[in-house]
Structure formats: structure tokens, C-alpha cells
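J.: Chains as they are written, first to last, in this note's numbering: chain A, 1 to 261; chain B, 1 to 280; chain C, 1 to 286.
Quick caveat, the hints were computed from the structure, so don't treat them as lab data. All figures in this text were calculated on a predicted structure; none of them were measured in a lab. Do not take every clue at face value.
[As the list claims (entries may be wrong)] Listed next, with one range per pair, are the computed distances between beta-carbon atoms:
| id | chain 1 | residue 1 | chain 2 | residue 2 | range |
| --- | --- | --- | --- | --- | --- |
| 1 | A | Asp189 | B | Pro83 | 50 to 56 Å |
| 2 | A | Ile191 | C | Ala25 | 51 to 57 Å |
| 3 | B | Lys100 | C | Ile169 | 58 to 64 Å |
| 4 | B | Gly189 | A | Lys79 | 58 to 64 Å |
| 5 | A | Lys39 | C | Ile169 | 25 to 31 Å |
| 6 | C | Met1 | B | Asp107 | 32 to 38 Å |
[To be verified] Straight-line distance between alpha carbons at most 25 Å, and here's what the computed BS3-like set of lysine-lysine pairs gives:
| id | chain 1 | residue 1 | chain 2 | residue 2 |
| --- | --- | --- | --- | --- |
| 7 | C | Lys7 | B | Lys278 |
| 8 | C | Lys99 | B | Lys276 |
| 9 | A | Lys103 | C | Lys7 |
| 10 | A | Lys96 | B | Lys276 |
| 11 | A | Lys11 | A | Lys31 |
| 12 | B | Lys191 | C | Lys99 |
| 13 | C | Lys7 | B | Lys277 |
| 14 | A | Lys87 | B | Lys12 |
| 15 | B | Lys276 | C | Lys97 |
| 16 | A | Lys39 | A | Lys11 |
Note that beta-carbon positions come from the ideal geometry of N, C-alpha and C, so glycine has one too.
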Amino acid sequence: MATITQILEEKALEVKNFEFTYAGADAPSIKKLDMPIAKNSITALIGPSGCGKTTLLRSFNRIHDLYPGNKYEGEILFKDRNILTPKEDLINLRIKIGMIFQKPTAFPMSIYDNVAYGMRLQGIKNKTELEGRVEKALTDAAIWKEVKDRLKHDANGLSGGQQQRLCIARAIAVEPEVLLFDEPTSALDPISTAGIEELVVELKEKVSIIIVTHNMQQAARVSDYTGFMYLGELIELGRTEEMFVTPREKLTEEYITGKFG
Amino acid sequence: MTHTEKRILTNKIVMTLSTLSAMVGMTFLFWILGILVINGIDALNWTIFSEAGAPPGYEESGLKHALIGQLMIVGVATFAGVPLGILAGTYLSEYGQQSKLAETIRDISDIMMSAPSIVIGAFVYAIVVAPMGHFSGWAGSVALTIIMLPIILRTTDDMLQLVPSTLREAAFALGAPKYKVIMQVVYRGAKVGILTGVLLGVARVAGETAPLLFTSFNDNFLNTDMNQPMASLTVTMFNYATSPYEDWQKLGWAAAFILSMFILGLNIIARVFLMKKKGK
Amino acid sequence: MNLILDKIFAHTTKFIALGVLLIVAWIFTELFQQSLVSIQSSGFDFVTQTKWAPNLEKFGALPAIYGSVVSTFLAMVLAVPVAIGVAIFLSELAPAKLKSPVGVSIELLAAIPSVIYGMWGLFYFVPIIRDIVGGVGISMLSAGIVLSIMILPFMAAVTRDAMNTTPDILKESAYALGGTKWDVIKDVVMPYAKAGIIGSFILALGRAIGETMAVTFVMGNVHKISLDLTQPATSIPVTLANEFNEADTGIYYSSLFELSLLLLVISFTIISIAKFYFLRRKRLGA
Numbered sequence: 001m002a003t004i005t006q007i008l009e010e011k012a013l014e015v016k017n018f019e020f021t022y023a024g025a026d027a028p029s030i031k032k033l034d035m036p037i038a039k040n041s042i043t044a045l046i047g048p049s050g051c052g053k054t055t056l057l058r059s060f061n062r063i064h065d066l067y068p069g070n071k072y073e074g075e076i077l078f079k080d081r082n083i084l085t086p087k088e089d090l091i092n093l094r095i096k097i098g099m100i101f102q103k104p105t106a107f108p109m110s111i112y113d114n115v116a117y118g119m120r121l122q123g124i125k126n127k128t129e130l131e132g133r134v135e136k137a138l139t140d141a142a143i144w145k146e147v148k149d150r151l152k153h154d155a156n157g158l159s160g161g162q163q164q165r166l167c168i169a170r171a172i173a174v175e176p177e178v179l180l181f182d183e184p185t186s187a188l189d190p191i192s193t194a195g196i197e198e199l200v201v202e203l204k205e206k207v208s209i210i211i212v213t214h215n216m217q218q219a220a221r222v223s224d225y226t227g228f229m230y231l232g233e234l235i236e237l238g239r240t241e242e243m244f245v246t247p248r249e250k251l252t253e254e255y256i257t258g259k260f261g
Numbered sequence: 001m002t003h004t005e006k007r008i009l010t011n012k013i014v015m016t017l018s019t020l021s022a023m024v025g026m027t028f029l030f031w032i033l034g035i036l037v038i039n040g041i042d043a044l045n046w047t048i049f050s051e052a053g054a055p056p057g058y059e060e061s062g063l064k065h066a067l068i069g070q071l072m073i074v075g076v077a078t079f080a081g082v083p084l085g086i087l088a089g090t091y092l093s094e095y096g097q098q099s100k101l102a103e104t105i106r107d108i109s110d111i112m113m114s115a116p117s118i119v120i121g122a123f124v125y126a127i128v129v130a131p132m133g134h135f136s137g138w139a140g141s142v143a144l145t146i147i148m149l150p151i152i153l154r155t156t157d158d159m160l161q162l163v164p165s166t167l168r169e170a171a172f173a174l175g176a177p178k179y180k181v182i183m184q185v186v187y188r189g190a191k192v193g194i195l196t197g198v199l200l201g202v203a204r205v206a207g208e209t210a211p212l213l214f215t216s217f218n219d220n221f222l223n224t225d226m227n228q229p230m231a232s233l234t235v236t237m238f239n240y241a242t243s244p245y246e247d248w249q250k251l252g253w254a255a256a257f258i259l260s261m262f263i264l265g266l267n268i269i270a271r272v273f274l275m276k277k278k279g280k
Numbered sequence: 001m002n003l004i005l006d007k008i009f010a011h012t013t014k015f016i017a018l019g020v021l022l023i024v025a026w027i028f029t030e031l032f033q034q035s036l037v038s039i040q041s042s043g044f045d046f047v048t049q050t051k052w053a054p055n056l057e058k059f060g061a062l063p064a065i066y067g068s069v070v071s072t073f074l075a076m077v078l079a080v081p082v083a084i085g086v087a088i089f090l091s092e093l094a095p096a097k098l099k100s101p102v103g104v105s106i107e108l109l110a111a112i113p114s115v116i117y118g119m120w121g122l123f124y125f126v127p128i129i130r131d132i133v134g135g136v137g138i139s140m141l142s143a144g145i146v147l148s149i150m151i152l153p154f155m156a157a158v159t160r161d162a163m164n165t166t167p168d169i170l171k172e173s174a175y176a177l178g179g180t181k182w183d184v185i186k187d188v189v190m191p192y193a194k195a196g197i198i199g200s201f202i203l204a205l206g207r208a209i210g211e212t213m214a215v216t217f218v219m220g221n222v223h224k225i226s227l228d229l230t231q232p233a234t235s236i237p238v239t240l241a242n243e244f245n246e247a248d249t250g251i252y253y254s255s256l257f258e259l260s261l262l263l264l265v266i267s268f269t270i271i272s273i274a275k276f277y278f279l280r281r282k283r284l285g286a
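Here chain A stands alone, though its shape is the one from the complex (with noise of 0.2 Å):
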């Protein structure tokens, strides 16, 4: 059973008894597991490679479906309501819980029109409520600056880093109440991933947020909560001061010291 800390505040997620099998793999990749996301927090998933951790960030917003075959079990609870239901409606649920990820996706087309896309998609027309709200996401992503001369330009002509807080913006233009980031920094340079970090950490004020990294120095940096996976379980998941500076798990404290990665 896994070590898990009581979480104080509301939660914004709550996985249990969670299980996922990709399609046709004979064992299920993610197991029993059961994890409180706190709202308006920033919770880091660490672990090694293969241990699950994109797998069940992933589960969050149910982007596994795009892909024919794969099985879920038990629950995560989102507005008290279980997301893995069948009738469950997935445009309503992505729009709630955004998604970055690990190399940026600025899509082919302008600037504005990629921060523009998800509220044009809920059918947003009114010129004036879009450039206001486009402004305010690429002001909310720390990119404003840089872009605002150049919105009818070419989004894949920004650099990496700003491409990644364009996509960021994208996601918050849509006033998501939860962003799941898939490893945000691992296609930057260290000057671009600690705008992002910090980018990540004002974001919380509005958002709860789930960060995979590989990096731990930066879920020591950026997370209130850690949770450590290995194997398809849930080892720990505590206080992230706490859990670098005194870990209750053996397991734990190998991970973090480097034993084994």
C-alpha cells in the first residue's frame, strides 16, 4: 500500500482503485492505484521511465482514447463524478482539464489564432471578447511582450521556449480548472524551462495543476505535492518538502538519492 499524505485542501482530483491496460498489452500498465490531486496546487509525479506516471497523467483527460483498445478501471473522481464512464462527454471534459506537452505543439497557423483556437471551437465569434481574452492568456503565459507586434504571424516562427508558453496560453485562453503538463521543459534549454517553471508556479493561483517530470530538482522547485511511482503503483505521495527532505518510503529515498533512475 502506498504512503499517502493527507491532503488539506479541497481536491480537485481523485483517482481510486485506478487501473489502465493499454490495447492488447496482457498486464495492466497502471495498478490499483489510488491518488488525492490537491486543488490549486501544483502536484509533481516523478519515477523512472516506464513507471506509469505519463500514463496516468494522461488518463486525466482521457487522451488515451484516441487510440482504440485501451482499458480503464476503478474511478477518478472530477466534480465528484467518475470520468471514466463510457457516456462520458470528452469535449466538455478536455475543456475543463487542459493539457500541455512535452515538446510544443503551436499549431499551423497564426499567433493569435492558435491562442484564439479552443474558445473559437466553444463557438466564441464576438471579435472583441477574443482579442481581449487572447491578450490576457498571452499576458497570463509571460509571452505578451514578445508576440504582441506579430500575432498574424506564423506560430512555428517563435522559438521553443515561446512556442511552449503559446501553448500555454492556448490552454489557459480556455479558463480550464485543472492543466495536466506532460514534461513542459524536456525539448527546452535551461533559460526557457525556468520561465516555464515559473510561469507554472503563478499559474496555480487559478488552476490545479499535474506536472510529469523527469527532472527532479524541478519537482523540488515547482510542486507542493510529489508523488513517486515505480512500477505501475503509487509508492508515496506527500508534502514535497517533506518528501525530498525526509521520505517515508525506502524506495522513495533510493529514487531521490539516485540509487536507481
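Model the placement of chains B and C on the given structure of chain A, informed by the hints.
T.: Same frame as chain A, but now just chains B and C:
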């Protein structure tokens, strides 16, 4: 209806339409394939291989003349086109590389691969048939060689470029001269790829009809003299199918079936090679 | 010794590679020379006159040009939406079990010689057209439809390939914003694959306009411009296939060569546009 509901509905409509169009497209394509197989198998029998053409109404008529003519015309074209194509492709990959000349040859070859083949027929008519004063198997082979050349050239070029440069460097480091490096190391590394290109090139020209219409022309009887007009499966198919005689039409389907199976066979073998290559 | 052989090998390959360029140049000049008689005698009338009557030595190629343009246009109008539908089906909709067999059979169908599409058209499709729209069935309409079916496998396969180049992660990001499949296809996949898709459509157009055998069976070779698609018609390659071996006078031959040259220039231009504007070859390793 909310905007999202509208989007979901649009999605459903478009996805249904695309599934339908896929079904319509596949229906036509399998219809053609089905007709080919049914008519072909129906018309197949031993006389087709043992007897040459005959006037309509004759019992003993077959496609021997067209099969042999086809083999000779395509064989000669392969014999000429493959080495020429491989050598020219070698120049592009190993010597010309990204030079302006090499790039131009690549571009022109790419364009020629899609250029109308009947024009090649007209060209060969002007340079071979007219000066000789008569149609001939040779002329057909020349036309097919010209069509095959850019295909072999480009696949060879691509396949040689896939050979890792470390392999070349290792051979050079042993003091081997360039032509030996190419012939003994690079060709060996690209063997499967080049062979695939050759198979696809042969498959492509074997199905050509238009460039043979006024080069090798046709002959309803068995002829193995490349200097004379010569039957091919494709032109025979065309003549028989457009004739009013039912037994000729039937032979036309048999020719269509044999040719298609040959071409599909080559394509499938080429695919298997490529898959094995990727699997490595 | 090695040095000499090395030089010989290098020069031989270069000589043959240059030979490819020379052949292409030769094709153009030869066709031009052969066309000279016709060019000198009819000039621009060749492409503006509608009367093609070899026995009267009148050679107006407009009906053939018109037929080439209309039958190809018809084929594209029919094939483009179906090809896109098939490509969407293959890349985004089909269950894994269907994807590869259907995909492979489409690619194999693209390898079937066009003469077989023509034969099928003549024996099986023309009668249906005859029953539905009347007339003899041999017509511009039949030619356009048979041509569209012939280019469909090629177009569907390359469209699918172009769509498949869209990185999964890009598609996932659009889904992650609440997009439907169609939203993702039209807003992300299509724009991403745009150049490849348009390029291969233009390439298909360039091939279709020079296609001979698929249409020769079903078009009729009638040199008449008619707005009625159910009427027999002709195209440049159809005229060539039917008349080259019948030509009996120098000017008749020369006119046919001019038609060949015209066809070569048209398709060369179209294919070049596809290649240079849309399908720039990616340098290996770059």
C-alpha cells in the same frame, strides 16, 4: 443547439460521409478487381500458353505470341534500363550529391516519371520507327527503357543515400579506391533497396500500352525477331478487347488477368523486401 | 591502375546521368522538329480551330484540347472528395484491423495498368452509363468517370501519407482543447499536410491529362466540342492513340507530333508546378 453540439453533429456527418466515400471508392476498385479475376480465370486454359493468336473463330488460339513478345520487349528494356539507371543513380548519390547538376537530373527524372508515356511512343516513332521504315520490337524496348530509366535512377539514388556514410568512410580508411568502395560496399549495403526499385520499375513498364502502340505495334502471330513488329500483352489486350469478336474479347481478359497478376506479384515481392529491410 | 579505373567509373556514371538530361532535351527538340511542318502551316490556328479533318488537311486541335481539359477536370472533381474521404477513413477512422489491408490494396490498385481500367470501363461501365443517361455510353462523361476511378488509388494513398505525417502530439493537443475528429482534421491535419496534399492532387492532374489507355476505350475519338457530356469526344492522348498509325500524309503526322509536343509541355508544366511549389524534395539528412 449549442456550438459544441453543432460541432459534434458536423463531426458525425463528415465522418459518415468519409466512410461512405471510402466504401464507394473501395466498391469500384474491388468491382474492377473482381471482374478481372472472374473473367480472367474463366478465360484461362492451357491453349492460351501453347498457341499463338489466330483469326477470330478459331478454336486453337492463344496468347503465346503476346506472352513471348511481352517477355522479349520488357526483357530487353530491363536489360538496358537497369544497368543504365543504376549507374546514373550512382552518379547522383556518390559523385554529384547536392550539386546543381545532380539536383537538376533528380528534378527532371521526377517529372519524367509522371510524364505521359504516349509522348515517349511518339518520340521513339520519330527516332527509330520512321528511320527504319517499320515498327519493331526494338523500338518498343527503346520506349520502355526511356520510361524505366528515371524510375531506376531515382530509387538507386535514394537507396544509396540511405547507406550510412560511416560504412563508406570505413572502406576508404582501408585504402580502397572509390569505385571499389561503391561496388563492394555501397551497392552491397543498398542491395535490397535497389532490387526493390528494379522490381517496381519492371512492373511499371510491363503495364505500359500507349508507348507500344506505334513502336512495337502488334503481330497476331508468333514472332521472335525483334527487328519486326511484335505482339505485347498490353497491345494485344487493347486490340482484342476493342474487337467485336467474343472469343478475342475473352482472350483479352485472359491477357489482362495474366499481366495484372504478374504486376501485382512484382509489387508484392517488392513490398516484402522493403518490409524485411525495415524490420532489420 | 586503380586510379584509371576510378576515373573511368566516375566518368561513365556521369556520362549516363547526363544522358538522362540529353534524352529529355532530345524528346523536346525531336517533337518540335517533327511538328515544324504543322506549326508552319497552321500556326496558332492549330490550337484555336475546331475542325479536325485530315482528309481535307484541316487540323484544329481545340476539340482534343477541350476534351483533355474537360475529362481531366471531371475526373478531378469526382476523385478529389472521394480521395480525401478515403484518406480520412484510412488515417483517422478505420479500425486497426482494416487500416493496413485496405491501405495496401489501395496501393496495389494504383499499380494496375491503366489499360485494364479502360477495358473494365468499356465492358461494364459504359453500358451502365448508356442505360442511365442514354446515348451510346461512349462519352466524355464515361471518360471522366473511368479516369477518376483510375487516379483514385494514387490520390487516396498519397493524401493518406501526407495526412499521416502530422505528428500525433500535434493532433493530441487539438483534441486536448476539446476538438472533435473533424475539428482536428480540418484545423490541424489538413493545414499541416496542405502542401503535400495539394501537390499530389496537382501531380495526379498532370498524370491524368496524359493518360491514354483508361480513356481511349470509352471516349470515342470524335473531334467535336459539345457541352453535352453524354456525347462522344476526344482528348489529345486519345487522338494520338487512335490516329498515329493511320496518318498517311506528312502534315497529318506533323500535326500529331505537334499534339504530342503540346501534351508534353502541358503535363511537364503541371507536374513541375506540383514538384517545385508543393512537393519540394526534402534533402536526406537535412
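J.: Each of the hints needs a verdict: does it hold here or not?
T.: Okay, the hints, checked on the actual structure:
no.	hint	in the structure
1	A:Asp189 x B:Pro83: 50 to 56 Å	holds, 51 Å
2	A:Ile191 x C:Ala25: 51 to 57 Å	holds, 55 Å
3	B:Lys100 x C:Ile169: 58 to 64 Å	violated, 37 Å
4	B:Gly189 x A:Lys79: 58 to 64 Å	holds, 59 Å
5	A:Lys39 x C:Ile169: 25 to 31 Å	holds, 28 Å
6	C:Met1 x B:Asp107: 32 to 38 Å	holds, 37 Å
7	C:Lys7 x B:Lys278	violated, 34 Å
8	C:Lys99 x B:Lys276	holds, 20 Å
9	A:Lys103 x C:Lys7	violated, 49 Å
10	A:Lys96 x B:Lys276	violated, 46 Å
11	A:Lys11 x A:Lys31	holds, 22 Å
12	B:Lys191 x C:Lys99	violated, 30 Å
13	C:Lys7 x B:Lys277	violated, 32 Å
14	A:Lys87 x B:Lys12	holds, 16 Å
15	B:Lys276 x C:Lys97	holds, 21 Å
16	A:Lys39 x A:Lys11	holds, 5 Å
Consistency note: the structure conflicts with the earlier hints numbered 3, 7, 9, 10, 12 and 13.
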